[in-house]
Amino acid sequence: MRQDIGDGRGDGMRDKPTGDAALLLLADSRLPAGGHAHSGGAEEAVRLGTITGPEDLARFLRGRLATAGLVTAALAAAACELATATADHPAGPYGQADGDGNPPDAGTGAGTGADPAHPWRRLDAEADARTASPAQREASRVQGRLLLRTARRIWPSTVLDTLARAVPEGAHHPIALGAAAASAGCDPYQAAMAAAYISVTGPATAAVRLLGLDPVTVHRLLADLAPALNDAAHAACASLIDDVVPNGPAQNGAIQNGATHDGIAQNSAIQNGAPANGAAAKARGSGWPALPGHTAPALDLLAEGHLNNPMKLFVS
Amino acid sequence: MGAQHDDLHDAADPHGRALRLGIGGPVGSGKTALVAALCRSLGPSMRLGVVTNDIYTTEDAEFLRRAGVLDPERILAVQTGCCPHTAIRDDIAANLDAVETLEERFGPLDLVIVESGGDNLTATFSRGLADRQIFVLDVSGGDKVPRKGGPGVTMADLLVVNKTDLAPLVGADLTVMSRDAAAVRDGRPVLFTSLREDRSAHSVAEWVTSLVNTWKHANAHDHERTTPTTAA
Ligand SMILES: Nc1nc2c(ncn2[C@@H]2O[C@H](COP(=O)(O)OP(=O)(O)OP(=O)(O)O)[C@@H](O)[C@H]2O)c(=O)[nH]1
Ligand SMILES: [Mg+2]
Numbered sequence: 001m002r003q004d005i006g007d008g009r010g011d012g013m014r015d016k017p018t019g020d021a022a023l024l025l026l027a028d029s030r031l032p033a034g035g036h037a038h039s040g041g042a043e044e045a046v047r048l049g050t051i052t053g054p055e056d057l058a059r060f061l062r063g064r065l066a067t068a069g070l071v072t073a074a075l076a077a078a079a080c081e082l083a084t085a086t087a088d089h090p091a092g093p094y095g096q097a098d099g100d101g102n103p104p105d106a107g108t109g110a111g112t113g114a115d116p117a118h119p120w121r122r123l124d125a126e127a128d129a130r131t132a133s134p135a136q137r138e139a140s141r142v143q144g145r146l147l148l149r150t151a152r153r154i155w156p157s158t159v160l161d162t163l164a165r166a167v168p169e170g171a172h173h174p175i176a177l178g179a180a181a182a183s184a185g186c187d188p189y190q191a192a193m194a195a196a197y198i199s200v201t202g203p204a205t206a207a208v209r210l211l212g213l214d215p216v217t218v219h220r221l222l223a224d225l226a227p228a229l230n231d232a233a234h235a236a237c238a239s240l241i242d243d244v245v246p247n248g249p250a251q252n253g254a255i256q257n258g259a260t261h262d263g264i265a266q267n268s269a270i271q272n273g274a275p276a277n278g279a280a281a282k283a284r285g286s287g288w289p290a291l292p293g294h295t296a297p298a299l300d301l302l303a304e305g306h307l308n309n310p311m312k313l314f315v316s
Numbered sequence: 001m002g003a004q005h006d007d008l009h010d011a012a013d014p015h016g017r018a019l020r021l022g023i024g025g026p027v028g029s030g031k032t033a034l035v036a037a038l039c040r041s042l043g044p045s046m047r048l049g050v051v052t053n054d055i056y057t058t059e060d061a062e063f064l065r066r067a068g069v070l071d072p073e074r075i076l077a078v079q080t081g082c083c084p085h086t087a088i089r090d091d092i093a094a095n096l097d098a099v100e101t102l103e104e105r106f107g108p109l110d111l112v113i114v115e116s117g118g119d120n121l122t123a124t125f126s127r128g129l130a131d132r133q134i135f136v137l138d139v140s141g142g143d144k145v146p147r148k149g150g151p152g153v154t155m156a157d158l159l160v161v162n163k164t165d166l167a168p169l170v171g172a173d174l175t176v177m178s179r180d181a182a183a184v185r186d187g188r189p190v191l192f193t194s195l196r197e198d199r200s201a202h203s204v205a206e207w208v209t210s211l212v213n214t215w216k217h218a219n220a221h222d223h224e225r226t227t228p229t230t231a232a
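Heads up: the sequence lines are chains Y and L, in that order.
So in the UniProt record's numbering, spot 216 of the first sequence is number 216, and the numbers just go up one at a time.
So in the UniProt record's numbering, spot 165 of the second sequence is number 165, and the numbers just go up one at a time.
Be aware that one or more of the hints could be misleading.
As the list claims (entries may be wrong) - Partial list, computed: chain L residues near chain Y (C-beta under 8 Å):
# : residue
1 : Thr80
2 : Cys83
3 : Ile92
4 : Asp143
5 : Asp157
Treat the hints as calculated values from the structure; they're not laboratory data.
Quick caveat: nothing in here was measured; it's all calculated off a predicted structure.
For each residue, glycine too, the CB sits at the ideal point set by N, CA and C.
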């Protein structure tokens, strides 16, 4: 039933049981992971009069999906892929199966390999570099922390424990989502789909609550976005393939090197030093800096404005 | 903000941690006044933390901080995105995170009080968040409210009927309220208060104290048996 989905899935994952049911659980707004209290900028947009009804909302959602949505989808897919690789090869270059006495990251040097937390910190730094607004960073980390708290009880796994230890203040939401997706049995495409879906359903629900919009009208808007959601998930996965320069149509002219913020320089070094035909595990992650990095200045500004609004209902 | 500690992922493990007391009830019934009163009377003898769930703003947290009943840093506010009952019942992640943040920063604690946002009669705390809960009504909603029932009124470990000082003004009959509450509560306790007149909520504080002592006692035994290392 999924043949028509295409080839966005990573190799080597076809033999796994499909994670369709897990995807439903993960993307369900009833997942008890704190998402209900975030509006993704919609509350501030409502306050400013940017969203007043279904037409504005539709534009807001489309824009959000094309920018923040695609970026989080790609990060979630990358996290899911990393989690799957780590679970498949616990003693591989990402480190052994972990134990409580695991030493902290030996240093900032790239390629230390021994510490399974290290690649998670790197991937989390990629998410950080793509999140310009401090308010959004905080909101993303809070959501990531809450999701991880929940996922570790629902789908316990070494990978989730490792991620929690790697970023104790809370990994960015898409990173936690991708890792949780892998633990739940999803593949990267499904992780990307969950991220893209959540990136629009959260704000849509918030707008229904804040403006009293007709919920059926708003769900119609979401249904209209279905093709765009598929595209976003595909594009997110296309950008994962390390030995292919990401140049799919969805990313034309949109690829932005992730090395724009602090802490990312080392990734550029890794990228430059990792030939496409290197060991698979070594190559994995070398493409992270080239994951989509679309900015959405309006969303950044909304997040910052929201932080300063003393009369808010949502966390973000 | 880092509340995620390696060993805290199973929040359901009660060993050695503080008793978590939920305080719920309709808007304006006196929940914050009760939290303040409990801080006043229990603060000197217990290590406390408070989490508030405001509908708008962080009004309740600010009120409590200004009231000077507790070190302001021990009061955390959770935002509930239009759905106060969701945050205490269906999706308790943010509240658990706040509770554990307090325990991590100031622990060990004896008691963490979680005040819900004002809500309707059906709003109760998840057992995953609160070990025990108090439901606060006031007389000004009319003396029929206990008869209307709802899980808050019927199931809460303690039902508090507040603002008894207003009873004569609104024509509320306290005997009727007492009788109706008893009829639906299956022997669970009901206390009448006027927090305007008794700013330390004597009777409620006594009930909470015995709860905390029982909790500690039970945990001390459990703890010795299961985990001989340091307390959480
Ligand atoms: N007359 C009288 N007023 C009271 C009493 N207890 C509280 N109040 C007043 O009732 C109002 C609401 O009290 P709060 O403690 O803020 O009520 P709350 O349940 O926390 O309200 P929300 O959090 O907004 O749902 C305040 O103005 C209090 O001063 C009481 O026993 N008698
Ligand atoms: Mg209050």
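So, going through the hints one by one against the coordinates:
A hinted interface residue such as Thr80/L counts as satisfied when its beta carbon comes closer than 8 Å to some beta carbon of chain Y; here the least separation is about 6 Å, so the hint holds. With a least beta-carbon distance of about 6 Å to chain Y, the hint placing Cys83/L at the interface is held under the 8 Å criterion. Interface hint at Ile92/L: satisfied, since its Cβ lies 7 Å from the closest Cβ of chain Y, which is below the 8 Å cut-off. Restraint check, Asp143/L versus chain Y: the minimum CB separation of about 33 Å is more than 8 Å; hint violated.
With its C-beta approaching chain Y no nearer than about 23 Å, Asp157/L sits outside the 8 Å limit, and its interface hint is violated.
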